[in-house]
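For the record, the sequence lines run as chains V and A.
Counting from 1, position 90 in the first sequence corresponds to residue 90 in our numbering; the numbering is continuous, with no gaps.
Counting from 1, position 650 in the second sequence corresponds to residue 1650 in our numbering; the numbering is continuous, with no gaps.
None of these hints come from the bench; they were simulated from the model.
Note that the coordinates shown come from a computational prediction; the quantities given were computed from them, not determined experimentally.
Treat each hint with caution, since some may be false.
Derived CB-CB ranges, DEER-like [unchecked claim]:
# : chain 1 : residue 1 : chain 2 : residue 2 : range
1 : V       : D300      : A       : R1272     : 22 to 30 Å
2 : A       : D1242     : V       : A135      : 19 to 27 Å
3 : V       : N363      : A       : A1366     : 30 to 38 Å
4 : A       : R1298     : V       : Q173      : 30 to 38 Å
5 : A       : K1504     : V       : R329      : 47 to 55 Å
6 : A       : Y1125     : V       : A292      : 54 to 62 Å
C-beta atoms are modelled at their ideal positions from N, C-alpha and C, and glycine is treated no differently.
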Amino acid sequence: MGEAGTATMSNTLGAEARLFHSAAGSHLFIVDGSRIYDLLETATSEIERAFAADYDEAAARALLDSLVGGRRPRYIDAASPPLPPIFSLSLNVAQSCNMSCGYCYADRGKFGGSARLMSFSVAAASVDRLIAQSAPGADLVLGFIGGEPLVNRKLVRSITAYAVEAARRAGRQMRFSLTTNATLIEPEDARLFRDHGFYVAVSLDGDQIANDRVRRMHDGSGSYEHVIEGIARLQQGGRARPSFSASNGDAGNGRPASHPRYLVGLGFDSVGFAAVLTSPDPALAFAGSDFAAFRRSMIDCGRKALEALKNRQSYPFSNFETALHEIHRGTHRPYPCGAGAGYLSVNAKGDLYACHRLLDDKNWAMGDVFTGADDARRAQHLARAHVDRMEPCRSCWARYLCGGGCYHEVERRGRIGCDYIRGWLEFCLAAYAELSVARPDYFSVSRRDVDVVKIDPAQAAG
Amino acid sequence: MQHGAKLTGMKLFPRNLTAHADYVVRGNPVISRPESGADNSHPGLEFDQRNLDRGFFPGLLFDFQFGVGARLADVRSPWLEKEKELDKDNNGANSLGAKEAEFFLWYIHGKFGDRPGEPVFADLYGLDGYDVLRKVHDLEPGPIAVIVGLRPDKLKVETGTLQVWLQVAMLQLKGMIGPPIAGPVEQRLNTFRASDGSLQFAVLTGERARYLNEDGVIDLQTAEPGTLTRSLCSPWQWDFTDCGCYYWAASRPDIVTGAKGTPGLNFLRVKREEVPPRSPSVTWDDWMDPSRVMSQPRMILDWETLPLVIGDQEADSYKPQSVVPIGDPWDCNRVIKELQKLAGVEHALCVKFLYAYYSLNAPDDAPESPLCRVAKDILNIAVDEMRHFRWVNESLVLLDQRPVFSRATKLSDPPGSGGLRQQQIDLVLEGLTPESLDRFIAIEMPSQQYRQGDVSGLYTHILVSLDQLPGGYTNKEGEDVRGQVQEVVKLIIDEGNDHWARAKRARELLQDLDPDDYLRFKGAPTVQPPASECGALQSLGDHYYWLVLEVLRRAFDQPPDARGEMLKQARRVMHNLDEVGKLLGRRGQGLLFTLPGSPGDAPSDGTLPGSPEPDAPSGGGGSLVLGTAIPNLLAGLRKSVSDEVADFARRHGQAANELLYLLGEDAGGDDP
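Just chain V, same shape as in the assembly (with noise of 0.2 Å):
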């Protein structure tokens, strides 16, 4: 399989379209839409030229247009779309943590040294807000956060009564999610989950050696043994055991310490691997010249996968599983991800925020449960961040896919991780363009999309 085109893509051309190959041939990519087409070799050689720097851009836009445009408006255009309803909080029930992770985005648990619980009535309105300010019908999610979540089980637990009934009252559907350490899980917690489906998120960065390397208790021991039998405990709930990933944060190695299939086999449904941009301790977070050897061993197991889905055989690296079906569906859009849009998160005041990673930042304040969510924010935050407007991002062919990257790494780290962006998305359209040949089916359109509030890997210090 090709690596990715080497063509320098130097007039404008190439900010709307790329040509790639894969063992299935050469294709097109057209940004806006991410649309994928097929060329022949005839094609090929001629839209190649039509890259090159040298030709004359009112042809290659002419070409362009011949052969993909028309007069159908842009999926993208400048105008930020209208500010959607709210479908989502994270709330941050526990600002306390049982660990002592050295890259923990929230001072190695111990936050500043303010550590909250969430009260009741703060949760519960924060489920109010959520009710009132979705669409009607909506389906809503959830997300208990911290810290650590289970430090304050009790909330967790009320608060889910509480959101099940509410949701039922105003004619919405709730799930649930909650990202965790696993070294706290008690069989009732495990019992939870089940009953009401929660998709649950467990923080693991590989083996026993890697992982207790950086995820440490309090006490400064691993936490690796823990988080083994809280796994143990969560997976008791039998046939509908909650869904759980794990992320694995390997700082500072460039290189995700376990194979997939290791964490696989410790019963996980899905695995996704997240680079560490903020931390602490520099030390531990990635530095510019960490990506290029990450990589190529995200590809290195996207390879693998590839094999292994190409033989019907399931590989559930999510990264690429999720890369794979997004590109499948033309997935195109001018943001990373939901923050401050439909996806905020509350802290245990009851303060908005445009995301986790966000909270107590002032400058991504976003109102109150009490009050509400501060709509004219929300609406600047999305005229503000549409990728169009983002350098370098408005040349870069692969925006709509990325979408900007996180708004927390961008802001502290700037955009150091686009050249491994882009070759992982290359690697990840070409992957998608042989596996769409050798097994048409795995993209059926009876399988279901791929959950888009399944809680992203990339929060991996959590």
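Here the structure of chain V is known, so what remains is to put chain A in place on it, guided by the hints.
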């Protein structure tokens, strides 16, 4: 949408979903895509109404095509004749209707939905067929003009000349369609030809098609037979797995038992053998694994191989249950007599349940409370009985009988019923005390179960009789109406089964409550002094009750498809009666429901006080009497010290005048 790069001879093949969706086949009719779907045309169950838009301009037929535009597909009279008149030397090859020429819709001048007041020029020149359809669909009825012309690359005149001609055309047009005048707009044609005589464009004026003709039926000028069904849903094929509005897919069985008894099979499985799944699917993806389940193309080819599913089990034949004969079926005359009695029973039940409904002290602000739920159930039963009363009478009218307005006083067992009910039940007005509720339950007990050899239901007996003795049901017009009567009887039987359950549920809900708390009155109605307010209300209630019966009588006098208006008026009066019932209830009193005519056994021909003799022409007699009584009563009530009553009286005063005027109209001109 241009695809297939003609310019450089390159071809592209869409791979992912957005690429596929973006690809629109040039020349395809625009209705082949869901984005043009309208209401029930997706494409449509009986027909695709979008096909009507093709004939929006009478005499012309357009095809709306992707990537092409709105192409003139056919030209008919009067345009061919008019063209001949205009250009007598024209040899026909250069005409509007010539097959070689391709004319497209350039402009429409007319009123559109977004600005219905003012006619505008819609510029459709060069637009895609889909966009033209949307504009055409938006046209308001009235005078319109269209300009059809050749494709830009086929025009033989220069742009400059064209512009001038268009200016001229548009000026002429504005002159042709002046301010709205009475009468249809003249159909006029102006042609613009190049120096070689070939037609470049033409201006035509007329009126937008009405789509329906004077009989309210689709106008054949707009749509010939076959047009409307050019596009349709394909329910038993593609749509069975994938319907855009889920209508067909929602009706499809999912999990069935095989003919041999194997449970848990997927109805859409490709391999029809009854092999139970190795392990039950727990995910949708697994259940609908495309390698195991019928695909849409497969559905188109093989839908006929799918078996019937009856009672959740696959079968290859259906044997309807046959009705077991009874020993003493009734002939037509006997059936009619029984139906007449049943009309009286339904009438009595309806009134009885209504009276009981008003006896309940149900609060307005707690709809989920047990008492409110009971009230709702009782009211629903009363409404059902009203419907049965209407249907029985409609059946009698079908059988050339007069409707029956009397009211039975007792409910007795039908002959040979085996005595399910130990005694006759009096159908009297009483509040919903526990004892009376028991009587309700006894009344509604399913005596309509059909048991072999022991028919204990009157309606069931009638139903079986209609089957066994089918003769004699031909009406005056020579129609055999037996089938229609059967349907009505079946419906009544079905609904009756539900009443028993509701009555029992009511008893459960009330068992912990104290009747003194939840009842406003308990026994039969007490007649209040006529001079008192309650007395006036009771009298008003009676008058409304008589008015309902009178309006119903008039409704039954009309042919079935003309009854709607009268029935609507009957409902209005029912609402008024309901208000009176509630007002009285709040004052601890019940409606009297005095039977019109003599109390007790009223004549079965249903004469009403003041109504004309059966053979007299339908006149406003009854309502004339009521027409003065009701306003007088209301005038008195307007002076009430209670704001509630005074306000009610004012509102009803206005409504009553309107109502009586309408009834007076219907009666044929007697001034109220």
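Hints, one by one, checked against the model:
Remark: the range hint 22 to 30 Å for D300 (chain V) to R1272 (chain A) is contradicted by a beta-carbon distance near 45 Å. For D1242 (chain A) and A135 (chain V), the hinted distance range of 19 to 27 Å is satisfied, since their beta carbons lie about 25 Å from each other. As the Cβ distance of N363 (chain V) to A1366 (chain A) is approximately 49 Å, the hint placing it in 30 to 38 Å is violated. For R1298 (chain A) paired with Q173 (chain V), a C-beta distance near 33 Å keeps the hint of 30 to 38 Å intact.
For K1504 (chain A) and R329 (chain V), the hinted distance range of 47 to 55 Å is satisfied, since their beta carbons lie about 53 Å from each other. As the Cβ distance of Y1125 (chain A) to A292 (chain V) is approximately 56 Å, the hint placing it in 54 to 62 Å holds.
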